[in-house]
Amino acid sequence: MRITKPQLSLSRDNRKKMVPYLLIAPVIIYYTIFWLFPVLNAIVESFRDVDGIWTLGNYIYIFKDPVFYTALFDTAFLVIFSVTIEFVLAFGLALLINTKFKGSSIFLFLAMIPMALPAVAVGAMWSSGLATRGWLNSFLMHAGIIDDASKILFLAGGEMSRLWLIIIIDAWTVIPFVMIILLAGLQGIGADVREAGYIFGGTKFQVLRKITIPMLKPTITTAMILRIISAIQIWLIIVMLFGFNRLPTLLEQIVLNYDELGAASFERIGLALSVIVAIIVSATAILYLKVSGSFEKKKEQEVE
Amino acid sequence: MNSALQRQLRRSAKRTSLYIVLVGILFIIIFPIFFLFSFSFMSDYETYSEWPKPLVPSFKADFKIDKDTEGYHLYIFNKSENDFMPFGPLFFSNSEKDVSNLRKFIKLQANSKITDQKIEEYLRIVDKESKVEFSVRKDLLANYILFFQVINGAARAVLNSLMVAGATVVIALTIGGMGGYAFARYFFKGKNLLKLSVLFVRMFPAVSLAIPMVIILARMGLYDRPLGLSLVYSVGQISMSIWITASVFMSIPISLEEAAMIFGTTRVGAFWHVTLPLALPGLAACAMYSFIGSWNEVIAAVVLTQFNPTFPVVVYKALVGSQGQINLITAGSVAQAVPAIIFTLIIRKYIIQMWGGVKV
Amino acid sequence: MRKVLISLLVLFSLTAGYLFAGGQPEAAEADAPTTLVVSSRLYSPASEQKFLYDEVFPDFEKENNCIVKFEILDDTVLLKRAELQAETGRVTTDVVIVHNGVMDQWITNKYVEELPVSDWPGRTFSAAFLDSIMSGGKTYFAPVGGDVYLLLANQKAMKYLPSGADVQNITWEQYIDWAVAIAEGEGEGKTAVTGVPMKSLIYMYGGMFLSYGGEFPVINSPGALEGWKLLTKMHNAYSPTVMTYDNVTAPMKSGETWLTVAHMARTGEAYRSNPSNYVIAPAPKGPKGIGSIAGVSGFGVPVGAEHHDLALKFIEFMTRPEIAVKVARGTGGFLPPIDEAIKVLGDSPVDEVIKKGVLVLQTGVVSGVPGSAYTSWGAVKQVYDDVFAEMIIGTGVYDENLLNEAQAKLEALKK
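Protein chains in written order, with my numbering: chain A, 4 to 307; chain B, 8 to 367; chain C, 1023 to 1437.
I should point out that these hints are in silico values taken from the structure, not numbers from a laboratory.
As the structure is a computational prediction, the values presented were derived from the model and not from experiment.
One thing to keep in mind: the hints can contain errors.
Covered stretches of chain A, as calculated for chain B (at least 3 residues, CB under 8 Å) [claimed, not checked]:
#1 24-36
#2 107-117
#3 142-150
#4 204-213
#5 240-252
#6 277-287
When the alpha-carbon atoms are kept at most 25 Å apart in a straight line, the in silico SDA-like pairs for lysine to any residue are as follows [what the hints assert, rightly or not]:
#7 A/105 - A/198
#8 A/293 - B/203
#9 A/293 - B/196
#10 B/198 - A/290
#11 B/74 - C/1177
#12 B/21 - B/40
#13 B/125 - B/100
For each residue, glycine too, the CB sits at the ideal point set by N, CA and C.
Throw the hints in and build the complete structure from the sequences for me.
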């Protein structure tokens, strides 16, 4: 059966225009009902007071509250350091595992366990470990590294030490996730490209910098975006270790106002804070995409 | 010859250092989890009364009973003190009530099962010889048994969790998969904007949407129904699925579909017979990923369920009041973690394919 | 492997299909026993629930051919749900157990109905709690699980007890000297309090201020000022990680701390884990005697409860003196707030804890929790927590201005 080409492409063009929208329609409908509606509701309520009168009071309260700025700083600190550290370590791990070795599959499985642990377990594990008489000090004592007098007071430190503890715990939990994304990207590049780099006399570092990283850029961007979004939203482990208000972060303050304080007026402050956080997260994500040049890249792809 | 040997040496040195680094990394990963498991097999006394705490659970507990003018005294062997330490009531008599209370105490605090007759026998020895030392085997699974005894309807909750996770997977995979396919195969107006907005769904803090969500679900008659909960979970999972499935479909050459169409099948047929089978492992991995996500979720589930709680909710509620009983908490955590770890074991092969080619 | 994955995928589809095809949670069958749903903030520890299921509910279930379903939820969730259910008209709880701090909100919002207490002979509710459970001469809640504050000390701390002090009859001055002596002798603070914000620090300190003639929760009354002055001496006497304790049981059990004044359920739990290792006593005294915040929970029947009659029968059953004392013993660490029940206590470790509590309740200056007088009780607690963090742990220097500012914050939170 032979069909003349122009005819085919015309009918296909029409369908092509329709099909993607049809395929995406369920997503849009779903998000309209289950996301857009509650979000709009939250935004509207954040501009009203308990009696339903329009007001900017909730936002003014937040911007006047010194805790908000502490939360902002802590969150920024957490995001910058945890994302950087996680990325560097996960990238190193991914490079390491990418060189095939005996038992790499088992290694991958074990490395993925932290990802599968429920939040309750992670909280219980670390709070029982970091307590003064926890397993970490116990282990160090059994190993003869410290004695009772020199036991480490992990949880007694100031704000900075608390922040670092959270960064370390988050890194422990999340590195496998980042590593897997990067590993997948690395395997997509293929060894032959890098080998070509070596043939042309590149050192290991040069190959990494000039070939691997640029080729991995889209994957890196994905990993970073997903991590930035979730790093801004860290709160559960903080509350499990320190309780509310001892290490304020943006999300922790939302949960505190919205759920814990148990008053309608605070609930609305929680909502207003949610709107602010959503704006901050979006702005950060867009900023990151702009700086990393992902927008231009996409245009090129489209031209293809 | 010499240089060959050198090269070999260098290679094996490299290999060794690689393995040393790997073992180090594994140690850091496994180390905290090890204690989670270890504590879950210990008794209340082991987890709290020794300092430094034991690293591994013991298989038995050693006791001593002696006697003075007040009555009998019970002691338990404490490894860190390297001595018998007072345990239980200040003193007790050989009355039936005291003996049975003692038995209950030993079972609850030392996870060791002993009969009343045996205790009475020991007391008679104390009467004759002024003291007695004895060992009782420890019931390693006691925390798990207690845990499953106190949580009512664990089986029902596991079933609920499976239903929620199953429905989430189906919703996320069909809706998300369709979207992912569209992003992978077609160019259309607003594509980049749409793909980004899908990501933006995750940017509004989900905690503050719980109450409007309850109202929506209540109006739809889906409050406290597994399906309702899975609709909520799907909000996050769909956006994840779109990104993952898009990358899965992208990794399958479009030329294969075109080839099939040349042989006379429709686009849909080509998708069903060519693309889908090839994409299946990646899709299955994506499914598992949403599965783990909804299996472990508890914050929303606490608010959105009542009589049909999911397993994590049951675990969470059982643990809320057990802050002073780390052995019970760890047992509950492990009980919840094990299924998720098994899923991870199943997906590990496909997880790499799943993420291959994810691009912004 | 692929086969496994495919079959798993099929399995998911089937379960989901089952869901969509109306496999929703089946309704109770016609002649199956009725299910009575009890939603409670009390008895959250797993062992306590086990006790209720094993030893208490079966009798009631047999009497009435029903099944008791007991679920644990905290007060905020219970209230939120009552609000939602009042809105949607679908009441799914037959009996609630809520804290006296929120009882007011339940009563004023008409979420609970009046209880026919006059039909239930043979029980007298403890006078200390009548204010909370009654409103306008009507009783809306039946009290259960009363609590006060007790002192718990590790045996190892006894050698530091100031000379002349009697643990069972100790004053706050002596208690603080004791805590300081331990810290000096051991080289580190070994006293515990719930340092995590919005837990029970306010009650521990508030009780002390009552014993100096303060009123709860005023933070700068003359009595409270005197209390704070003394407490600043505790600067180094608290454990270095006190700010991360959300519960004193764990540090007291592990020996990380040796001394505390805390809620009797928490102190009781540690005490019962090894009675020979601890000394338990009433909270310390001040010039006005023992001071303590007394809390209580109450059974209530939500308006519109499906099994209304059965719910009332359940409450009647649970407040029988012999059942109340049995529950108090089995869930160790709470008082049976029924006078007839208190009379039958013996001298087992559990009864010991309960008796110390009764002593505090009957001889001490006690105050309830005026939670509903403030927009957010959590925010009130936070004011105390902030002063604690700044003045006791932070500087260790008494600062009356700080307390006056704190009181201003409390005033601002008043409704």
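**Request:** Examine the segment 240-252 of chain A for residues whose CB is less than 8 Å from any CB of chain B, and state whether their number is three or more.
**Result:** Our answer is that it is violated, as 0 residues pass the Cβ test (under 8 Å) against chain B, missing three.
**Message:** Need the status of pair residue 198 of chain B, residue 290 of chain A: alpha-carbon distance at most 25 Å?
**Reply:** OK: residue 198 of chain B and residue 290 of chain A at ~20 Å, within 25 Å.
**Item:** Whether chain B covers the segment 204-213 of chain A (at least 3 residues having a Cβ closer than 8 Å to its Cβ atoms)
**Value:** violated (count 0)
**Prompt:** Is the hinted pair residue 105 of chain A and residue 198 of chain A satisfied, with a Cα-Cα distance of at most 25 Å?
**Reply:** holds (22 Å)
**Message:** Hinted pair, alpha-carbon criterion (25 Å max): residue 125 of chain B, residue 100 of chain B. Please report holds or violated.
**Reply:** holds (15 Å)
**Asked** Three or more residues of the segment 142-150 of chain A near chain B by CB distance under 8 Å?
**Response** Satisfied; 3 residues make the cut.
**Prompt:** Taking 25 Å as the top limit, are the C-alpha atoms of residue 74 of chain B and residue 1177 of chain C close enough?
**Reply:** With Cα atoms ~20 Å apart, residue 74 of chain B and residue 1177 of chain C stay inside 25 Å; holds.
**Prompt:** Are there three or more residues in the segment 277-287 of chain A whose C-beta lies within less than 8 Å of some C-beta in chain B?
**Reply:** With 5 residues in contact (Cβ-Cβ under 8 Å with chain B), the coverage given for the segment 277-287 of chain A holds.
**Message:** Check whether the Cα positions of residue 293 of chain A and residue 203 of chain B lie no farther apart than 25 Å.
**Reply:** The given pair, whose Cα atoms are some 13 Å apart, holds under the 25 Å limit.
**Message:** Count the residues of the segment 24-36 of chain A whose Cβ falls closer than 8 Å to any Cβ of chain B, and tell me whether that reaches three.
**Reply:** Coverage by chain B holds for the segment 24-36 of chain A (8 residues, Cβ < 8 Å).
**Asked** For the segment 107-117 of chain A, do three or more residues have a beta carbon lying closer than 8 Å to a beta carbon of chain B?
**Response** Coverage by chain B holds here, the residue count being 9 at a Cβ distance below 8 Å.
**Message:** Holds or violated: residue 21 of chain B and residue 40 of chain B, Cα atoms, limit 25 Å.
**Reply:** violated (29 Å)
Checked against the numbered hints listed earlier, the structure breaks hints 4, 5 and 12; every other hint is satisfied.
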